[in-house]
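6 protein chains.
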Amino acid sequence: MLKEFHETFFALNCPYDEASTVLFGAPFDSTTSFRPGTRFASRVMRAESFGLETYSPYLDLDLADCPVFDSGDLELCFGNTALALADIEARTETILRDGKLPLMIGGEHLVTLGAVRAAVKQHPSLHVIHFDAHTDLREDYLGETLSHATVMRRVWECTGDGRLHQFGIRSGARAEFLWAQAHTNLHKFNFDGLAEAVAQIGQAPVYFSIDLDVLDPSVFPGTGTPEAGGVTFLELLEAIQLVSKRNIVGCDLNELAPIYDQSGSSTATALKVLRELLLSVTKTSGRM
Amino acid sequence: MLKEFHETFFALNCPYDEASTVLFGAPFDSTTSFRPGTRFASRVMRAESFGLETYSPYLDLDLADCPVFDSGDLELCFGNTALALADIEARTETILRDGKLPLMIGGEHLVTLGAVRAAVKQHPSLHVIHFDAHTDLREDYLGETLSHATVMRRVWECTGDGRLHQFGIRSGARAEFLWAQAHTNLHKFNFDGLAEAVAQIGQAPVYFSIDLDVLDPSVFPGTGTPEAGGVTFLELLEAIQLVSKRNIVGCDLNELAPIYDQSGSSTATALKVLRELLLSVTKTSGRM
Amino acid sequence: MLKEFHETFFALNCPYDEASTVLFGAPFDSTTSFRPGTRFASRVMRAESFGLETYSPYLDLDLADCPVFDSGDLELCFGNTALALADIEARTETILRDGKLPLMIGGEHLVTLGAVRAAVKQHPSLHVIHFDAHTDLREDYLGETLSHATVMRRVWECTGDGRLHQFGIRSGARAEFLWAQAHTNLHKFNFDGLAEAVAQIGQAPVYFSIDLDVLDPSVFPGTGTPEAGGVTFLELLEAIQLVSKRNIVGCDLNELAPIYDQSGSSTATALKVLRELLLSVTKTSGRM
Amino acid sequence: MLKEFHETFFALNCPYDEASTVLFGAPFDSTTSFRPGTRFASRVMRAESFGLETYSPYLDLDLADCPVFDSGDLELCFGNTALALADIEARTETILRDGKLPLMIGGEHLVTLGAVRAAVKQHPSLHVIHFDAHTDLREDYLGETLSHATVMRRVWECTGDGRLHQFGIRSGARAEFLWAQAHTNLHKFNFDGLAEAVAQIGQAPVYFSIDLDVLDPSVFPGTGTPEAGGVTFLELLEAIQLVSKRNIVGCDLNELAPIYDQSGSSTATALKVLRELLLSVTKTSGRM
Amino acid sequence: MLKEFHETFFALNCPYDEASTVLFGAPFDSTTSFRPGTRFASRVMRAESFGLETYSPYLDLDLADCPVFDSGDLELCFGNTALALADIEARTETILRDGKLPLMIGGEHLVTLGAVRAAVKQHPSLHVIHFDAHTDLREDYLGETLSHATVMRRVWECTGDGRLHQFGIRSGARAEFLWAQAHTNLHKFNFDGLAEAVAQIGQAPVYFSIDLDVLDPSVFPGTGTPEAGGVTFLELLEAIQLVSKRNIVGCDLNELAPIYDQSGSSTATALKVLRELLLSVTKTSGRM
Amino acid sequence: MLKEFHETFFALNCPYDEASTVLFGAPFDSTTSFRPGTRFASRVMRAESFGLETYSPYLDLDLADCPVFDSGDLELCFGNTALALADIEARTETILRDGKLPLMIGGEHLVTLGAVRAAVKQHPSLHVIHFDAHTDLREDYLGETLSHATVMRRVWECTGDGRLHQFGIRSGARAEFLWAQAHTNLHKFNFDGLAEAVAQIGQAPVYFSIDLDVLDPSVFPGTGTPEAGGVTFLELLEAIQLVSKRNIVGCDLNELAPIYDQSGSSTATALKVLRELLLSVTKTSGRM
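Residue numbers (my numbering), protein chains in the order written: chain A, 1 to 288; chain B, 289 to 576; chain C, 577 to 864; chain D, 865 to 1152; chain E, 1153 to 1440; chain F, 1441 to 1728.
Extracted from the complex, chain A is given alone in its bound form (with noise of 0.2 Å):
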């Protein structure tokens, strides 16, 4: 008798009680102001998946050893931005209920604050790590509280002074700049300082979001509003590395438009980034 047809991320095929890490999609963009198309990204993703391989090269160590569980993607309302960040929220306290790491699959970035929501309920001295392009510090945008454009004011109304971790900046208003040096940890351009920012957060708990256009549109194209100057692949990967090793109770990757990119480059380079991510933040009971 032929069975269902289920394809996952990477075709892992880990159970949920089994698995320590929770992947699911946010396919959510409807407060992008400028290019919309990253309600496509995880599905794209999961697509493109089985072109890449699960060992990783760089740490040695392959997803085939890694309990994963692929939770599939939300159906989020477009046009109800409460109603669509309620039930991130809700997904993420029930991987979290259950002892699980949550990674979230955006979407754009505003889909961080429903993780952040349920990540702050169950730990209260969370720190967030926030690697971007953009400040997204705005208190509003045409009027409205939940964008895009303000998600890091919200997560920081979550966390408070001095908890937020902001690195690869390099876009944003004059006023946004002036705000965070009063109440964030902002670094212009790069990582420089993450490694005393992580240091200084010790065995904190700690909720890890990447915007991936952090990334130099050289490498990655493929995002609604690409910001010249940034990091470069291998950049992104040793600051992961310098991250994970801190207690992480959830995290996301955000912001791929793979409409913008038709080489696929992008999405590879996403998915690449996904899976140096699972590789570090995964808890094994015996990795070599």
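Since the hints were made in silico from the structure, they are not lab data.
No more than 30 Å apart at the CA atoms, straight line, and that leaves these computed lysine-lysine pairs for DSSO-like:
#1 B:K571 x D:K1052
#2 B:K476 x C:K821
#3 B:K476 x C:K859
#4 F:K1628 x A:K245
#5 A:K188 x E:K1397
#6 A:K283 x A:K245
Starting from the structure of chain A, add chains B, C, D, E and F where the hints point.
Below, chains B, C, D, E and F alone, put in the same frame as chain A:
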């Protein structure tokens, strides 16, 4: 001294107070559930409009003789549907109050609701003529009542039974087609029955909404949800001629998503529909 | 506990043993001599299928009432044609043996050979109805007998003279057209003669193979070898209706190459053809 | 010893002195005012021509029996219109002087002027049959008299009143349509009147110029200025048949801009038009 | 009453007489011999500029504080090079005569010649600093002396030996490199030697011409002739900083061809270079 | 009389018997398991090669001085791998037997096997230097031993242990990396160790195979399986210089798939690599 730079549709330069028709763009697609991109329609159409002749060999009329004012694009808030609709309603009201005909360029089809709300306030006995591939008659979409998939249900709430006339419809849920039998004047696949509907409406005020996906995807692939089996360009021109003989008090053209047709042909076709529509509905005081 | 993630055509979820039709993808295009890319058809169609309504206003039928099982895509070996055909034959045999109707999504047209080989074993008196722009009747192609350009010659070897009925043919070598006069029932350009052919076949078992390039490139540019002068979408629907009244024992839909139509319109059209085909050939036990 | 590599249209290999028709490309688009790109037409058509059968099921004729020589592409100077036209005129003159039929692949439509200048020198009583979406009858364009937008006005200067027969025209300035009433034989929208025109021309020498944008953009989006409402592929074939029965002394095919149709379908259609044209106008000494 | 619609670069709205820098577009690419398309650069850049922040975290300066006027695009005659250059020269002269700094957006690189001709009239001792991948030093191109491939030779005719400083050059004919040794200050591959050149120029008037293809194609593929081995975005910013400390009397940014980079990333990068250039060269009367 | 039309790489026109290097294309990608398209590489490269200067400012050498013959593209049978490899082997043997250097343009990487088989027959002590992102060392792929994924394993069967030198490798199965430790000289990520390898090889005959995906996808996205983290263009040039000082008896350039980079930048980069390679490996008898 160098003058300021103006780019308008077809390089039209009639002043506002001499105009009888007023164009505006409504770049909004936050509730689009499948493929977004209609937010770019008005901008791209305006830019490409210089490649189209202002003279119509079909009508033997010229836009140069047409008192049309281009009032530019609204700046709408992505992610806040109610706010966006209110802005559209306000712009439409202003134009109606000044005794002019509003012609809106969407955007997703939901933008029609803002304009109809303004029109029905001034014209309580309003009829709506609706060309579309889709029913757009759902009560809600994933719980949200303001959506591209529900817009004609909301319009019906403004007009009541028997005043919403739908043509070209070839896609929808079974329940929508059933509901339409009791409440709207729905015609499947093409413009059969249009002459009768138009005769019956007589001189009642009419809002005229054209979802360009009523066209066959062969001539109009540049839209979020292309539906094979649509009408031809010449059938659409003829239908516009029929409708425009009525008492039109407002109209719109929706659902061009330029990014999905990189040949530019869909944009060129949308512009030609716009030209013919402008020539047909604009009041002049002495055209040849 | 989170459940496993399933993506199926049109989100169909009928279990295998209750299904009367079984879908599968045959992603193979190794012998394509001009432009490859049909290997991506089933994957892209499945992903895009959620954008299409399950209800057909043409037939007033709904896929929700149709017992169809999606058994996913075969993993075929690029570069080893014989092996790939054997895998297709095996899958088809399993479905036929379980008393169900196989519906295969290609791939290049050669995949039909695998399915016909299975069908003719069970139904030695098999007829084949073939919609296509191309004859596909060469004896060999650069010395190779298993090729997209020879597939109908190989099919003829299974059925013998007078049982292969070809429609819409508008491209081929002169020698193929001459050969067809003696051996197949070839109709040029359109569906003229289809009603007669169908009447003549009567209740004999029929394998129904649709090469989507029978459609005009205006509505279906997304294929390796577009041939101007094809049939319209509505003509194809009508022809499918005619054929599906026969005793269909297997069918397929081939030659969508999504990459060549970046508007997505060809994929949407292929899906609508698939919906109408499924609604027409699937046996139900009590449809309205 | 390895031979030199030749790529010709349809792999034609008839020597020059045995040929009765001579092909050449005129890759020039310097005066295109909207979207350039026709310079790539001949190169792309030649490369793609190996994907098209040489046999026509419409005419039951084969290019393999047709004495056609491909003389390659001219190297024309972008930015120097007069020089480019002179090169085209010279090539056409050579071919005419050798008693052969020149068939030029443009390029923008202005290239026709070079060929007509050569033809009218040899055939002072020349008629021109012109298929096009556009009038091309301006006196000048931004002050320049040699332009794609003025080419038929310049051609008229070669032939005089009543010898320029225009078909399919659906775009132009009002003044051009008015001017045409006095000077050319202009037919709007389609081929109505072609049979009469052809009968009237009798055995006078005819230059036959096909701007491929006479086709509807649904089947031919790959052109700089697509104009909805054009003729179908089969209507064009039929019209070519009508014209080719006259005394054709030169012909051209223009305005394919491959980059605007990434499906390749426009190029394939242009090639099929070219095949049918070659089969219709080439003199053979004993075709079946 | 509704106001007229203005779309300007970065939504700048400084009046002409208060501006110290004046932008204009020069959409011209008639002499481009390989791949045209730079004619669309200024239009697309203006449209996309609303997606870029006006604040520079590199310079800690904001365009909102910069007195810049956007005077729109010239309407240039394709196919008549001399006329187009005269129009550019006239516009540049007007701006210079009014004591303002002209900043031109090309177009192909030939447009620089029009601007330099105006500048050298007012500043006979003019130096030209030229960033480019190409030498652009041919005497003629297929017999034509006004060409993108000859522009710097023509510029040299305006300035004389030793006043043309070229950087980043990595493509050209051997003869051009040899000629440059005697007449220009040519630096291969990168900006080595720029500091020395700038020091040597001192306070002499400088025209600053940036061909954006000096950037590596990885970050700037959207150009007609991409040349691997170019400079990085940050190297270019640094070099602009160096040059802008001189007495700049005119500048331009050339050779973006948006159509060749459908990710939009090249346009975004060009805009960021423009922002940094504007912030660096615009005179303000009291910047922080 | 008009001459036949020739299009060759860089318009090279050296006759075969005067040539020391012979180019040919091997358009084959039947076994590509992810994204096909390399079959178009040689055709597109040849067509685009006229946009590239023949002079190298890196080497101060010019292709005009290089005795290179372009023998065109093989016509290979898609779907019959063994036959295709035999054709490649035969062409390579002919060139080698005539004492010339074969330079093959793929195609997928499997084409290398045909050329190596010919080379090792003439040079039994052959070394192979292999630049690639991928190991290509599988024993079989889905049961097939002739595949792009197994090609270097098959090459190793020709050369034996210690004669296959791999550089830039950053993707493969763990088992392949382990196998390589015992059998090949594999260097991960970049060209570290190349100087040593080259020194060790000394004057032994070398076949040099460049899979262009060794380049970073930022500069070379146009390939089937882009792998982030690759080498830069300048690093590749330098490595080519190192290798070409050895006794090169054959070489190839593979895996450009032009369709995946619509900017044309990958093709331009491939051509520049080809130019530098030709200038480096071609024997001349008296270059300046």
